[in-house]
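Colleague: Below, each chain spelled out in residue letters.
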Amino acid sequence: MKFITAIIKPFKLDEVREALSAIGVQGLTVTEVKGFGRQKGHTELYRGAEYVVDFLPKVKVEVAVKSEMVDQVLEAIEKSANTGKIGDGKIFIYDLEQVVRIRTGETGPEAL
Amino acid sequence: MKKLIALVLLWLGLALAGGAVAQTKPAEQGDKAPAATTTTTITETVKVESKEGTVTETVKVEEKTAAPAAPVPNKGDTGFMYVATVLVTLMTIPGLALFYGGLVRQKNMLSVLMQVLVVFSLLAVLWALYGYSLAFTAGNPFFGSFDKVFLRGITPDSVAATFSKGVVIPEYVFVLFQLTFAAITPCLIVGAFAERMKFSAVLIFMVIWFTFSYLPIAHMVWYWDGPDAITDAKTLEAVQANAGWLWAKGALDFAGGTVVHINAGVAGLVGAYLIGKRIGLGKEAFTPHSLTLTMVGASLLWVGWFGFNVGSNLEANGTAMLAFANTMLATAAAVLSWTFLEWIFKGKPSMLGAASGAVAGLVAVTPACGFVGPMGAIVLGLVAGAVCLWGVNGLKRMLGADDALDVFGVHAVGGILGALLTGVLCAPALGGTGIYDYVTNAVSPDYSIGGQVVIQATGVVTTIIWSAVVSLIAYKITDMVVGLRVTEEEEREGLDITQHGESAYHA
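Going down the list, the protein sequences come from chains D and B. Residue 16 in the working numbering sits at position 16 of the first sequence, with consecutive numbering throughout. Residue 219 in the working numbering sits at position 219 of the second sequence, with consecutive numbering throughout.
Everything labelled a hint here was simulated from the structure, so no lab data went into it. For every residue, glycine included, the Cβ atom is placed at its ideal position computed from N, Cα and C. Take the hints with a grain of salt, since some may be wrong.
Subject to a maximum C-alpha distance of 30 Å in a straight line, what follows is the list of computed DSSO-like cross-link-like pairs (lysine-lysine) [as the list claims (entries may be wrong)]: (1) D/K90 / D/K60; (2) B/K234 / D/K40; (3) D/K40 / D/K79; (4) D/K2 / D/K34; (5) B/K283 / B/K476; (6) D/K40 / D/K9; (7) B/K346 / D/K9; (8) D/K90 / D/K34; (9) B/K107 / B/K277; (10) B/K75 / D/K9; (11) D/K66 / D/K40; (12) B/K346 / D/K34; (13) B/K107 / D/K60; (14) D/K40 / B/K348; (15) B/K107 / B/K234; (16) B/K346 / D/K85; (17) B/K283 / D/K34; (18) B/K107 / D/K34; (19) B/K283 / D/K60; (20) D/K79 / D/K9; (21) D/K9 / B/K348; (22) B/K283 / D/K40; (23) B/K234 / D/K34; (24) D/K85 / B/K249; (25) B/K249 / B/K234; (26) D/K40 / B/K476.
Short derived list, chain D residues pointing at chain B, Cβ under 7 Å [stated by the list, open to error]: (27) R47; (28) Y51; (29) F55.
Some chain B residues judged to face chain D by a derived CB distance under 7 Å, without partners named [unchecked claim]: (30) K283; (31) T287; (32) P288; (33) H289; (34) L352; (35) A354; (36) V392; (37) K396.
Kindly generate the complete structure, drawing on both the sequences and the hints.
Modeller: Here you go:
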């Protein structure tokens, strides 16, 4: 099993969710986050005071899948979140040791 | 804190005593009327009430007839002044409170709202106790007298003079209209030391400053016996001798450029210097927490300001509507000039810039609104937008004080500009009204721009020095009594929680 974290542009969330549903991903978790990468921040000017805003708003999508699905998931996210412009985000993949479905107590791939 | 409580108790005691005194003397009349009885007639009163006569016609009637009769307030004028007074209240709470509140960080939102609300209320009460008397009775050129403390002697039949002979308004509406001015002015200062001053210190400072800066300057600029007292050169001299110092000099301040805006702006700057910069200024982001609320506040200010400026005419006539037109046009012009200059020099036209431009225009047109023509008002607004934009940028950096919400850069700078340009744009040659001569009962044919600007500058310099000195002493006394500033931890946590025990927003 693998755990995939994708940082994407906020307005791409719906497309990513649709692409993941289409390949059979059963569930995911979304968090609004802030951060920076190669994309520059912006400056805000309030009367005489100028502030540099380094952290830009992004969306973090987390999804746990069976190992054989990883390539499909990566491709789906990559295609749906891509705009070709700087700041599209990144995808991180981890090994996932164990999963438990709280309601039934099922574990492993059964619980995904 | 004990001293504060003692002070409050003292006021309450005085208030109760004053109520008793006022009740025992119900028949005592206001002292503004006596001169009127010699120059006004029944015929004239009818003419004024039917609203057919202009000022000059009214005067002709006066000369022909001799039977004396006290003028009676016109119902239209009374209703007009009531609405104007209500509008100035709206302009302060919630207008000014929201305008300022949106500009601070979330953790200090309630402290700003609370300071404006309570300072307004505190000074409203003090105005009735002794403020009105010290500002608007004859005394010396700098202070009035204690003749009307606790509003003694004022009854529903008392009248106050306007700027037209034979036209009066109920004294109560004059007291209340001027109350709103006295109460909003100190609220303006709150913006300068926002986000770091103790609430108790704010209140103590305001009482001292109101008593020794607002009241004398209002008296100096606005107190006179009224037009009915002037019939010839000799009576004019007597009125001038009795009037406030700057009024006698001929300083023009229609609605409070000096009394309200320069006065408050200077007090704010002195406060910003003495209290020091907010912790983290220049390192952390001090971004406004809600420009939406700032826009709501700025809009309420604009609407309320019509009461402020137009009501300052004290009667509903053509000059009032000139002030209405000028207030509208100067403000719109200032929005445009601030917006386009910011667009050109800073890259983007910001909403905060446009809202600040509106306030700058309103401030600058305040002393001018009944004296200049509509085109003069547009010029004034365009210049005000540009100069106040500099006031919150270049000038602010030069001064080096953390005037948090730019009270000096907008109110003092706009007020000074407006006061000086009133001297220029009042000239009939530039579309202004010129100066009305109550001896000849016509606009004076001579108008010297240079001479008037010098008089205006006298008013400006007097106000700056007076307010600066009083503020300095008032802050020092406050500092000795309770201390001006909250502790570092309290400042970091925010004034809402540490001073008032509540939060503006819950996620």
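Colleague: Just to be careful, I want the Cα atoms of D/K40 and D/K79 compared with a cutoff of 30 Å; is the pair within it?
Modeller: holds (23 Å)
Colleague: Within 30 Å, alpha carbon to alpha carbon, are B/K283 and D/K60?
Modeller: holds (29 Å)
Colleague: With a cut-off of 30 Å on the C-alpha distance, tell me whether B/K107 and D/K60 pass.
Modeller: Measuring from Cα to Cα gives roughly 28 Å; hence the hint holds.
Colleague: Within a Cα-Cα threshold of 30 Å, do B/K107 and D/K34 meet the stated pairing?
Modeller: holds (21 Å)
Colleague: Hey, B/K75 versus D/K9, does the alpha-carbon distance stay inside 30 Å?
Modeller: violated (64 Å)
Colleague: Holds or violated: the hint that D/F55 contacts chain B, with Cβ atoms closer than 7 Å.
Modeller: Violated. Min distance 11 Å.
Colleague: Within 30 Å, alpha carbon to alpha carbon, are B/K346 and D/K85?
Modeller: Status holds; Cα separation ~26 Å.
Colleague: Hint validation: B/K396 versus chain D, beta carbon distance must be below 7 Å. Holds or violated?
Modeller: holds (5 Å)
Colleague: Could you grab the alpha-carbon distance between D/K90 and D/K60 and see if it respects the 30 Å cut-off?
Modeller: Answer holds: D/K90 to D/K60 is near 10 Å, not above 30 Å.
Colleague: How about D/R47: closest beta carbon in chain B under 7 Å, or not?
Modeller: It holds, given that the least Cβ distance between D/R47 and chain B is near 4 Å, below 7 Å.
Colleague: Mind checking the alpha carbons of B/K346 and D/K9 for me, to see if they're no more than 30 Å apart?
Modeller: holds (28 Å)
Colleague: Are D/K2 and D/K34 close enough, with their CA atoms no more than 30 Å apart?
Modeller: holds (24 Å)
Hints 2, 10, 11, 15, 23, 24, 26, 29, 30, 33 and 35 from the earlier list are contradicted by this structure; the remaining hints agree with it.
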